[in-house]
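Enquirer: Residues per chain are reported as follows:
Number of protein chains: 4
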Amino acid sequence: MILILKSGATDEQIQHVLDRVDALGLQAHLSRGTYRTIVGIIGDEQKLTEEPLKAIPGVAQVIAVMPPYKLASLDAHPEPSVIDVSGVKIGGGNLAMIAGPCSVEEEDRMHRIAEAVSAAGANLFRGGAFKPRTSPYAFQGMGEEGLKRLRDVGHAHGMPVVTEVTDPRLVDLVSEYSDMLQVGARNMQNFALLTEVGKSERPVLLKRGMSASISDLLMCAEYILSQGNMNVVLCERGIKSFDTATRNLFDVAAVPLVHQLSHLPIIVDPSHATGRPDLIPACAMAGLAAGADGVHIEVHDCPEVAKSDGPQALLPEQYAEVASQMRKLAELLGKTISPLPETIA
Amino acid sequence: MILILKSGATDEQIQHVLDRVDALGLQAHLSRGTYRTIVGIIGDEQKLTEEPLKAIPGVAQVIAVMPPYKLASLDAHPEPSVIDVSGVKIGGGNLAMIAGPCSVEEEDRMHRIAEAVSAAGANLFRGGAFKPRTSPYAFQGMGEEGLKRLRDVGHAHGMPVVTEVTDPRLVDLVSEYSDMLQVGARNMQNFALLTEVGKSERPVLLKRGMSASISDLLMCAEYILSQGNMNVVLCERGIKSFDTATRNLFDVAAVPLVHQLSHLPIIVDPSHATGRPDLIPACAMAGLAAGADGVHIEVHDCPEVAKSDGPQALLPEQYAEVASQMRKLAELLGKTISPLPETIA
Amino acid sequence: MILILKSGATDEQIQHVLDRVDALGLQAHLSRGTYRTIVGIIGDEQKLTEEPLKAIPGVAQVIAVMPPYKLASLDAHPEPSVIDVSGVKIGGGNLAMIAGPCSVEEEDRMHRIAEAVSAAGANLFRGGAFKPRTSPYAFQGMGEEGLKRLRDVGHAHGMPVVTEVTDPRLVDLVSEYSDMLQVGARNMQNFALLTEVGKSERPVLLKRGMSASISDLLMCAEYILSQGNMNVVLCERGIKSFDTATRNLFDVAAVPLVHQLSHLPIIVDPSHATGRPDLIPACAMAGLAAGADGVHIEVHDCPEVAKSDGPQALLPEQYAEVASQMRKLAELLGKTISPLPETIA
Amino acid sequence: MILILKSGATDEQIQHVLDRVDALGLQAHLSRGTYRTIVGIIGDEQKLTEEPLKAIPGVAQVIAVMPPYKLASLDAHPEPSVIDVSGVKIGGGNLAMIAGPCSVEEEDRMHRIAEAVSAAGANLFRGGAFKPRTSPYAFQGMGEEGLKRLRDVGHAHGMPVVTEVTDPRLVDLVSEYSDMLQVGARNMQNFALLTEVGKSERPVLLKRGMSASISDLLMCAEYILSQGNMNVVLCERGIKSFDTATRNLFDVAAVPLVHQLSHLPIIVDPSHATGRPDLIPACAMAGLAAGADGVHIEVHDCPEVAKSDGPQALLPEQYAEVASQMRKLAELLGKTISPLPETIA
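Chains as they are written, first to last, in the numbering used here: chain A, -15 to 329; chain B, -15 to 329; chain C, -15 to 329; chain D, -15 to 329.
Honestly, I wouldn't trust all of these hints.
No distinction is drawn between identical chains; accordingly, a pair holds when it is met within one copy or between any pair of copies.
SDA-like, lysine to any residue: derived pairs with alpha carbons at most 20 Å apart [unchecked claim]: (1) Lys(-10) <-> Ile47; (2) Lys(-10) <-> Glu63; (3) Lys(-10) <-> Pro62; (4) Lys132 <-> Asp92; (5) Lys54 <-> Lys183; (6) Lys54 <-> Ser119; (7) Lys38 <-> Met50; (8) Lys319 <-> Ser308; (9) Lys183 <-> Leu154; (10) Lys312 <-> Gly77; (11) Lys31 <-> Asp6; (12) Lys31 <-> Asp59; (13) Lys(-10) <-> Gly259; (14) Lys183 <-> Arg153; (15) Lys73 <-> Pro323; (16) Lys73 <-> Glu185.
Treat the hints as calculated values from the structure; they're not laboratory data.
The task is simple: from the sequences and hints, build the whole structure.
Expert: Quick look at the structure:
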């Protein structure tokens, strides 16, 4: 931690700063420059994150030297983590291909979609049973019945399933029926929820909030990891920006940036990032080329009757086409699309 | 609802669109322009918010004519709502002056701060007992003991109290000890929490999320209203932007914009909006001048030892100064700072 | 300047850093922390702004201690500057009230608008003769004839005039006919233009770019100041953001922030900041309450036939109303709306 | 054009709207809905872009049906344009590989860099002689001597050259010495400059402004095209956002979005988009995978002494590595890196 003092900081203020550092059991290193005095603090920076150092009179700026997350950092685990989702591996060269409808819908439709995406190479099946909708009047999901249907259909086609959990009271229920828990973008900083999924034994797909920096995202992963659940996969799904031509702004640089900072895998979700079927294939390819550990795409066989997010769904044949391109790109990059497990535990 | 069709939309596609509208029990009005065909839909737009009209083949754009919220709109309630918080009125010319520390802390400190802010004219006392912290290693609040202390101190000084609730499982507990429930910015779209506070009898202070449009904010208010709790006060507390000189970007235009769209009161929180004590007084005045129904400011008597957000706290004497200016401005604007209730129910 | 070295920086890299600092004639101060080594550089930081210190192997981060602007900073001029525009003072408690149509239009209309705004208390008349339009097919302004008309009309009503210059080749011409040169938001970083207006003897109204930080804005002012023209007034006119309900986002905190960093006056332009007549009065009041040194508002007597920006113009009677409110607020704040000059030099 | 009227629009207001449309020689089509009246305008929308329709009393919203640009649109030219830069083709499957230092520097260094990047497969050489610097005290470029050196070195190694022009007065000079003119991000809406380069015979590389939507970018291209210069290549180089971990935010979805709207080629510049050498290769690959018509990367053989932007330069060997990967990806995508011309005209 480095403290830059104000240009007019008095000797008394400087002494007070040194006393405060001393009282915290750390060592201060004073450096008087031409314009400013600087105090370097030597010792465990973690002790200081709690301290309102910037509120000490005479302090102008506080600069952290270490990242605020520990378990999520490369220092804690220098090799890429490989997360196992009921037999499907994500990270370290293994790619997740997550596909399925936005919401769980009719049973025969679910089977049709599952069959199509698994034939195209998807290895994880998705669908929402508890939907976080911006309108209280919109379809809120099928609930427990939907969870059961998602699992039954996914497993029938050999794919583990991932579904969103939106409420700490539902973590046990959703864990029972799914292979991976999704925490959505709007709940990224729902710390009560993060704490509960951190206690679950299911791997977690943590989506980046629409105004979250990568550091914010990794701090939320840290919440989960600090509860003992080390199986976290991050997901870039678009952030807020000023151009309304797309639903969100796809931040593809988040992929190599996470890989510079953390051992956790990161996948991309071009469906939510763009909200436009005509842009999804190009962005899926861009994500993979940037090093993503997987791609999440929403697929529906009749978008105009979908119960949610129809306008951004790919048709099964469109998914098959981009999946085929992604397979070739994966090969060029020396990566493997994880095969389906022989059985799902 | 207006549908703008793609330039090459075929007659078959147009007929299919008309059939879909008809099937929904609504009337379509076709208009063929020089370049594009347009379909106006006549009838209850609410029926359509659920329908993925944009996914119908041939449809290029869907334009809503009505806002997506009903109960929060001026149509539902053309006069400004006046919310009563245990005797303190907010809205319709009545101003809330919310002040207090970020977190509930030691008892004597709480009394000192309460005494100072109430002497300066504050009419609601605040403090967090359950803190949504970005780091899992940071102080998470005193919990139930903190709730009790906040209430006892606030009421001892004649002020109703407001405190944050972060978890749907805690709504009953927090309602028991507080006069107003705060939903924080990071939980603005935590729909499970919104639903629970919507069932509570306590008024709700709903803070705008950091990447929420005003329409998003009003939709979240709608969640609470639609559960039967009509006592919602909105709060502008800064949104994400690119200039790192301030913690967030204070969107003062949100105040008159909300007043153009909704009957709900809106207050401003320059503490979180700027994160800088040197900018808080100017922004507090700006908020009032823009028509805000109140101002929320964090105050601490020794910021350098505060358990959270110390660097953005005003000292009691700084608060007294800006409160005095705000009183004069309120008078100029013909508004009233709500007096303290005779007794707190 | 502070250099934070990478965690694995070798002794050789550290020595190389020290040698580089030494070669620049500055003194280095080494501090080895628990996790990182830090190099404080003592001496004239300005010498270093040119140097790509971050590209030195082993350097992780470079932190500037001083702001990158000098002449614009409070250190250079600790008192607020008062700018004189042909007799109208701006800054240090003197308020500019700039009003007029977006573009210079028909002569009788110009007289009608000038009469109305001057009766309402405006002290500077505005109008564009060279318009930076987003479409090449849109009205580009009346050119020199417009300049002449603006000056003649403004001066006839006792008001100095301000108008935009968009091209370095036009600075002399525009200077001849106007009392103050405006550099628009889209040209804020047009350094060729800044250099030319820096050589002019006319005061300059420098509008903030839509994606400029306050530091960026002050650097652009520095371009003008460094050419010898010390008469620069800044203008907050809205920045880009994600909510499309307003044209731009009005950053009212920019006003006190500039006053913390610079001696230059700053005014606000709620017309461009919001693009909505129904929000302009509230935002004008907010700007003044935040300490702005003036307010810029576009006024047109028949917006539906205006040659540009009609939809955001106030009617003369609307302007008169907000001007009357602003006068009362100015009095409360102890500020003076600059009176019209006896004669315009 | 569609006009949505206010909910309380009177019959007189509606009639006035119809009269105004009629007076413009266009046909109105009235549609009274349950809540709102809508007026569709049939005829040449271009006639209306100038008209402040939104300022007509009773009008709530104006919705354009056609894009505001014509020459840049796919309607004007349904096939991808192929731009020829002194023999190097860009667009329609032909890729530009632009590389070189940020600024033109010493002659031997220029030769070393040119040799390295041309060996790695670059087909256009870049370097700035007139630099738009955020600080007036920073190196402003070598001027005409730099132009001459850039051309001589580039051509000696068989590569046409591209360099920035920042001032309308310099367009002729820069055109004389270069094969392609660059308009930088800060000058994207410098309409005087756009008009001048529109009169030049040199192809133009138009960089996207940091707060420009894709529609804004295409409107600026339209300025150039409307002057008769049809050889415009667009460039995505990052936009402003809230995460400070990267210099800008790389908007890779801009690539397929431009291809949906326009025939103009678009390349990507991961150097400015990220500002971080450790992220540039991944983002270069992402850009190509998304369909970009080329990649622009800054290369320097000793970044720590570079005259500008050293910290974001790739070393020649790093460039060679990513260029080799890009070649393989181009092959997979069925695209061709344009070969060097036999002679440069």
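Enquirer: So which of those numbered hints doesn't the model satisfy?
Expert: When the structure is compared with the hints, none of them turns out to be violated.
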